[in-house]
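Residue numbers (the working numbering), protein chains in the order written: chain B, 955 to 1409; chain F, 340 to 569.
Because the hints were derived from the structure by calculation, they are not lab data. Just so you know, even glycine gets a beta-carbon here, dropped at the ideal spot from N, CA and C. Just to be clear, a hint being listed does not mean it is correct.
[Unchecked claim] Computed footprint of chain F on chain B, listed as stretches where at least three residues anywhere in the stretch have a Cβ under 8 Å from a Cβ of chain F:
#1 988 to 1001
#2 1006 to 1019
#3 1211 to 1217
#4 1302 to 1311
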Amino acid sequence: MLSLKHSVNSRIVVFAGLVLAAFLSVAGWVLDQAFRDSASIAVRERLTSNVFLLLGSIEVNAGRDIVVSKDIPKPEWQLPESGHFAQIFSETLDQIWHSRSMLGLDIPPPNSGSPGQFYFTEAQSSTGEALFVLSYAVLWETGSDQKSLKLLIQTAENEAGFRLQLRRFRRSLWGWFFAISFGFLFVQTVILRWGLKPLRDIAQEVAEIESGNKDALSGNYPVELNALGENLNALIRTNTSNIQRYRNALGDLAHSLKTPLAVIKSALDADKQSESFTTTISDQVEQLDKTINYQLQRAAAAGRPGLARPIDVRIIVGKIASSLRKVYAAKELHIEEHCLGRLRISGDEGDMMEMIGNISDNACKWARANVTISASELKIDARRALVIEISDDGPGMPPEKITDALQRGTRLDQAMEGQGIGLAVVRELCEQVYQGKLEIDSSPAGTNVQITLPI
Amino acid sequence: MRLLVIEDEPTLREQLRASLQSDGFVVDHSGTGVEGQFFGEEYPIDLAIVDIGLPDISGIDVIKAWRESGVSFPVLILTARDRWEDKVAGLEIGADDYLVKPFHTEELLARVKALLRRAAGFAESKLRCGPVILDTAAKSASVNDELIEVTAFEYKVLEHLMMNTGKVVSKHELSEHLYEDETDRDSNVLEVIVGRLRKKLDPEKDLNPIETVRGHGYRFRFGRESDSEN
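From just these sequences and the hints, can you work out the full model?
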């Protein structure tokens, strides 16, 4: 079950569900109460008409005794355990008459009560039966010269019928409410799917941008998502332009630092006066130059930008190869390219060119006649990786140089004796920026450098 | 050989000019892209050295404009930008080689000469045309493997003719490529030089390496031997 924090869908579903539950509970309770009231009113009315029926069957004889007719049109009163009862009490709460149905049980008398008033309560018979009871006090006129007779009429009815009705009602009510709930949840799901579709669309488009099929969000979004869409597009643009800005700034910095260095170097080349002085300055200029190069190269590494289309390694290999053919034309090397498959990787084109360019340049420098640049895609531990292999048929690198180049954390001045910064830059880019691997395999027959990068 | 240097930093430009000149080249120079581009289009340049970081327009744009208008001499890019994407961009746009600042002057000279040889169709530093061998590194010439004495200027003339072997080279063209100063250009001097060369190269008068094409100029008669031919 998705945690509320992590799903808009869940939030809406849960809260709407709670609201629905609360609403249905309240509605159910209200309806239940209303039904109860109306059912009990019906009982009361029945009992009331029973009272009048009984009253109509009473006569007071000359001796002030009550005579109840034997033909009361209420057969239930004749049957024991029918659930319908009637009693008449005197002023002193002595039972004067009771219906046949009361055989074997008692129902407590009412409180005295004022004449003409109905009292409706619930009570229990002596056998534990739950009853609705209606009591009515009446003043019976006996004659003009005698005192009126006070009688208490009581009729009662078993609650069982009432209970049954209530049960039936409740079953019906809750049955309908469940049906409504399910219907509501279903409709809600449909509405949510339809309503949240724009969010899914945006996610889809972002995925397409990252896989290189699109350059920017299309912008056909509801008003609420417009701002988001525009911001994402702006982010994509500034991402790419920022990298270019930094590179330009670094290029300008390089220009302003290196041109004076070039002047110094040139002057030293021309002026052969003091050998040792010149050598010292020369060496320092060399070192300055290397340091600047190295730091600038490191700073210029862009890494993997988010929300950008992946780069085509095949094209990069092609460009490097043709550049090298031009630069090393005098050597008449055979530079071969082997690229298998789609070869796309999320990363920066400049960084990729640095890695492939530096290694390939080294290869061409040392090669006797052949250089091969190959790129392919492999699966390593269920992860896709890009493997670039550059080999040459040169005299190879001595093992100390290889360990130096591959050693982690070597300071620039220690590692750079007599060596260009190319390999150090590639190692930094490969391992630190792209979390890849650099392997060098060298023998007097040639050198093979392998760069493995996760895609 | 006539070179063009486009570099905005004056001291460096001057140093370049001086070192190239002392190595025997005629050097035109400019400090801006627009002017440099014009020089490249108007003057008979054999090779250009172009700095990318120019004040008005980028060196890349200059090279691009040259290639689009059909200017085909080799171009060597000089720049502080060491990134491969910049090297690739420069080479793609039509440059032939790339040198990063700061550089060793000797390396610049070597690369310039290599580009010139490549443009003329020679791979090695030795130009072989028939029995005549020109060693561009040693600045010497030999016929049938016998070293012959030539003055600096005679060497320049011979080099230019051999680089353009088979093609007719006018006296005007020769003087433009070989003379620094316009006032020095005198076709009579060239005639004398060519005469002396002929004597030195061909004392028996049986080779006739340099022929006169009446009204047009001179032509070196022996084709170059390509190293890749068996």
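Results for each hint:
1. For the region 988 to 1001 of chain B, the proposed coverage by chain F is not satisfied: 0 residues have a C-beta within less than 8 Å of a C-beta in that chain, short of the threshold of three.
2. Counting residues of the region 1006 to 1019 of chain B whose CB lies closer than 8 Å to any CB of chain F gives 0, so the stated coverage by that chain is violated, three being the minimum.
3. Three residues within the 8 Å Cβ limit are the bar, and the region 1211 to 1217 of chain B against chain F gives 6, so the coverage statement holds.
4. Only residues whose beta carbon comes within less than 8 Å of a beta carbon in chain F count, and the region 1302 to 1311 of chain B has 6; three or more means the coverage holds.
Of the hints listed earlier, those the structure fails to meet are numbers 1, 2, in rising order.
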